[in-house]
Structures are given as C-alpha cells and as structure tokens.
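K.L.:
If you want the building blocks of each chain, they are given just below.
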Amino acid sequence: DTGVSQNPRHKITKRGQNVTFRCDPISEHNRLYWYRQTLGQGPEFLTYFQNEAQLEKSRLLSDRFSAERPKGSFSTLEIQRTEQGDSAMYLCASSLYPFGPNTEAFFGQGTRLTVV
Amino acid sequence: AQKVTQAQTEISVVEKEDVTLDCVYETRDTTYYLFWYKQPPSGELVFLIRRNSFDEQNEISGRYSWNFQKSTSSFNFTITASQVVDSAVYFCALIGTGNYQLIWGAGTKLIIKP
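If you read the protein sequences in the order shown, they are chains A and B.
Mapped onto our numbering, the consecutive letters of the first sequence carry residue numbers 7 to 122.
Mapped onto our numbering, the consecutive letters of the second sequence carry residue numbers 65 to 178.
These are computed hints drawn from the structure, not numbers from a lab.
None of the values given here were measured: they were computed from a predicted structure.
Warning: the hint list may mix true and false statements.
Said to hold, decoys possible - Derived Cβ-Cβ restraints for the label pairs, each shown as a range: (1) Q60(A) / E81(B): 42 to 50 Å; (2) P105(B) / G9(A): 35 to 43 Å; (3) A59(A) / A65(B): 21 to 29 Å; (4) G9(A) / E81(B): 30 to 38 Å.
Ideal Cβ placement from N, Cα and C applies to all residues, glycine included.
Here chain B stands alone, though its shape is the one from the complex:
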C-alpha cells in the first residue's frame, strides 16, 4: 500500500522565521516520485518540486529547500525567511510506478503572520 503522512495539520509562524513541513511516505515500489504542491487561498494547486527515488540530493530553490532521506522515508520542505505570501496549504504527494496515481498527504496549512 502507498501512503503519505503529513503529521502537521497547521503551522503558524511570524514572518522571517524558518519553517519546516514534514512528509513521510510509504511505498513498496523501488521507483517512485515525490512531489510538493502549494495550494493558496485561490484554490489552484501549484507544482513546487518533483524528486525521483534515485536522486537523494537535497535541492534548494531560492528560499525553498527540500531534504529527501530514503532511510527514513521522508521528504521534508523548509522555507527560509518566510513571507506572508507563503501562507497556503502545502501538500506532499507520491506516485509509484505501480499504478501511476498521485497519492496525497492531508496537507499542512501554513500561516505566516506579519
């Protein structure tokens, strides 16, 4: 069975603080892909990053960084120097080569206070 767990339902921080969103996944597939999406109040899902199971290099994109660790089945997302515009619901998702369907976590609501 495949599963994605985002244990943090809501996080609230003050602007400019760093914040980490956790994602833990389960899959029996040896090849799989992990994603993070952002869903702002407007409702659309915005793609942030994709990582395949063979690439454990951490990635940094501006204020965003991702830490992929296969040993702990985690794919955590950190926002450095958070801004109010980062306020949104963030979803972690998994797609395995077994059925090619996106399996979603429940999402973490991030609130950045000015």
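If we strip away everything but chain A, and leave its shape as in the complex, we get:
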C-alpha cells in the first residue's frame, strides 16, 4: 500500500466550471475525511465517511459541494459552479475507527485547486 492517493495534484479551472477530485485511501481504513486548507491556515474539516456512509458535513460545505464514497473505498469530491473563493488545497485523509491510541490519520498529498 502506497498510502493515501489524491488525483489530480493540481487543477486550474475557470470560474463557473465543475471540478471533481478523487481520493484513494489506505485499503483497510474505514474512515475517510476531506479537509480544505487555504494559505496560512490549518486544514478545515469538510466532511467524513465511515465506510460508504457520510456521517458529518461541515457548514463550510455549501450546496455546491458534494462528496461520495460509493463502495466504501475511494471517494470523490465535486464542486459545482466553482468560485474564486474555492481556490485552496483539498486534502484527503483516512484512518481506522474505532479510534485508538495507535490510530493515525494518514494524509494524501492534496489537490491544489486554482479558480481563475
């Protein structure tokens, strides 16, 4: 297993276009998280899945954002009608739940979105 994989690494899109990002977690991890990170800030929680169920969504996740994890493996994050404020690094992480003293959240390298 090579860790959490995110594609694409970089995406430049015009305002108003739709974009989709993919995250492949570590295979045995049942939890998958999406975060957004803007310059100079720590990651902000967007949503997370336990297997295929989306258990929580942040208020940051507007109606233009949707995330899926259809088979409990990979996940996609779609942004519709992108706005310049959506420009950020989108990070995916995976972990095992229940969370125990040895559990870590493993992060992907992120997808950097630039909306022009």
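Here the structure of chain A is known, so what remains is to put chain B in place on it, guided by the hints.
P.N.:
Frame of chain A, contents of chain B only:
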C-alpha cells in the same frame, strides 16, 4: 469546545540553533490525543507524533522532542540543532473522543537559514 492555539505564526532561526514551537489546547474530553504534523513546501502533511492524554512522558526522537504538560494544556515541540531541511509549516492538532475529528492549530512557519 475544542481549540488548538499556535501563537507563533512564523519563526526564523539560523541553522544549528534550537527552536521550540508552542501549542496550547482546550478540550473538555478526559481522553484525547495530540498530534504534530509537518507540512513541507511540497504540501503533504507528514505525521510526526501522537500523544494520548494519559501519557505525560516527554518523548525524544533524534533531534525532535516533545513536552506534554496537562497542567498548562500545552504540547510543545523542540528541534535541537536545526537544519535547513526542517523548514516547513508545523501543525499541532487535537482529537477528542467526543467527535473523533482532528482540530487543527493555524500552524507555525519555521524558517531555518543556512
């Protein structure tokens, strides 16, 4: 409410100096976990350490050491004999057993000058 505060936004030192990054946290959970992550310019987040709330032993790993003090709700990170490759943004994070979400500090940008 849970919160992590990294008051130092940027630290700049000359190579080989020791440097300490501060982290102060707030949580009502009695069981929680604290983390430090490194984010180099490449952007990925690299796990450095996890500490649970019941283990206040300080830890040393090579040039890195961590000082966890529950009395002051602090989990500080020290790099001894810093190197240019240590230049990165360092994040402190907390996860409580209440919601199992990582709560992040704003990060400290560390610049090591040759």
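K.L.:
Given the hint of 21 to 29 Å, check if A59(A) and A65(B) actually sit that far apart at their C-beta atoms.
P.N.:
holds (26 Å)
K.L.:
Is 35 to 43 Å right for how far apart the beta carbons of P105(B) and G9(A) are?
P.N.:
violated (19 Å)
K.L.:
The hint says 30 to 38 Å between G9(A) and E81(B); measuring C-beta to C-beta, is that right?
P.N.:
holds (33 Å)
K.L.:
With 42 to 50 Å as the target window, see if Q60(A) and E81(B) comply at their CB atoms.
P.N.:
Check passed, 46 Å falls within 42 to 50 Å.
The structure fails hint 2 only (numbered hints given earlier).
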